[in-house]
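S.K.: Same order as they appear, the protein sequences are chains A and B.
Position 120, counted from 1, in the first sequence is what this note's numbering calls 120; the numbers after and before it change by one each time, with no gaps.
Position 55, counted from 1, in the second sequence is what this note's numbering calls 55; the numbers after and before it change by one each time, with no gaps.
Any given hint could turn out to be false.
The list that follows gives simulated cross-link-like pairs (lysine to aspartate or glutamate, EDC-like), each with its CA atoms no further than 16 Å apart [what the hints assert, rightly or not]: (1) B:K44 / B:D74; (2) A:K113 / B:D74; (3) A:K82 / B:D106.
Simulated coverage check for chain A against chain B, where a stretch passes if three residues somewhere in it have a Cβ under 8 Å from a Cβ of chain B [to be verified]: (4) 83-93; (5) 96-105; (6) 122-136.
Derived, one-sided and incomplete: chain A residues facing chain B with beta-carbon distance under 8 Å [unchecked claim]: (7) L20; (8) P22; (9) L24; (10) E43; (11) T44; (12) G45; (13) I46; (14) L48; (15) S49; (16) H73.
For the record, the hints were derived by calculation from the structure and aren't laboratory data.
Beta carbons: idealized from backbone N, C-alpha and C, even for Gly.
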Amino acid sequence: MRLRRHTREEEEDGDTGIDLAPMLDFVLNLLIFFIITAVFVKETGITLSRPAPSNQEQQKKPDEKGTLFVAVHGDGTISIDKRIIDPGAVRANVERFHAEKPEGPVVVVANVKSPTGVVVKVMDQVRLGGVYNVSIAPSSSGE
Amino acid sequence: MRGRNHNEDDGHHGIDLAPMLDFVLNLLIFFIIITSFIKQPGVKVTKPDAVTAEHKDNGNIIIAIRPNGDIWMDRRKVPLADVRAIVERMHAERPEDTVVIAADKDSQTGVMTKVMDEVRGGGIMSVSIGALGLEQ
Numbered sequence: 001m002r003l004r005r006h007t008r009e010e011e012e013d014g015d016t017g018i019d020l021a022p023m024l025d026f027v028l029n030l031l032i033f034f035i036i037t038a039v040f041v042k043e044t045g046i047t048l049s050r051p052a053p054s055n056q057e058q059q060k061k062p063d064e065k066g067t068l069f070v071a072v073h074g075d076g077t078i079s080i081d082k083r084i085i086d087p088g089a090v091r092a093n094v095e096r097f098h099a100e101k102p103e104g105p106v107v108v109v110a111n112v113k114s115p116t117g118v119v120v121k122v123m124d125q126v127r128l129g130g131v132y133n134v135s136i137a138p139s140s141s142g143e
Numbered sequence: 001m002r003g004r005n006h007n008e009d010d011g012h013h014g015i016d017l018a019p020m021l022d023f024v025l026n027l028l029i030f031f032i033i034i035t036s037f038i039k040q041p042g043v044k045v046t047k048p049d050a051v052t053a054e055h056k057d058n059g060n061i062i063i064a065i066r067p068n069g070d071i072w073m074d075r076r077k078v079p080l081a082d083v084r085a086i087v088e089r090m091h092a093e094r095p096e097d098t099v100v101i102a103a104d105k106d107s108q109t110g111v112m113t114k115v116m117d118e119v120r121g122g123g124i125m126s127v128s129i130g131a132l133g134l135e136q
């Protein structure tokens, strides 16, 4: 290294300078370590509207006005108004609801044993149907 | 700096290392800071797909839920009861951070909603569910 040669010359000349080479080596090693361990995460996800209905009894009332409830059962089946529907039909139902009540929120009433994949899929379909005000309510009953 | 003066005085033509050293040190500090910001869960989960998934800015705290219901955050497995305390601490450190719950698509929704309640109880209101955008 050039620097090392210089400092050696300095030593020969009787010049007392700090040898920067070991420090530079160390810093470079540290730099490489941090570059390798650095992870640049760009998380993608679906943001839920707040406040989340943690009190499910209050939210589960079917007669509550202006809210569409989509139920996801423990076995992964989906129903709206006690009618079991196909996952692909969620979007059409939400679009119809959205046309009637543009401000109305959608609550996904998910059984605690339902797989998360189905719940996220339902939420995705609801958002595709135009309603971005989606929240999730857990239900432990065996419906 | 010493090297520079030496070179100029003696007419030596060596490469001036000082700017390179400054640059490397800046790079080093940048990477040190970056690594300490993002709280990785430490396990891999299969996130569900969603067409409407969007990028989350400041989604730096990631809580993973495995198919068997284990909760992982900050590179270790934590019991549900500890989630709130950890979130409170992280919220105090960096208040602008938000939480992304990376739940495996085969995990039970009950665990996810419980974790969500704990996170909100810990003071971070912006919670989202991790999903993989299909365009990626």
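S.K.: Which hint numbers does the structure go against, in order from smallest to largest?
M.R.: 2, 3, 4, 5, 8, 15 and 16
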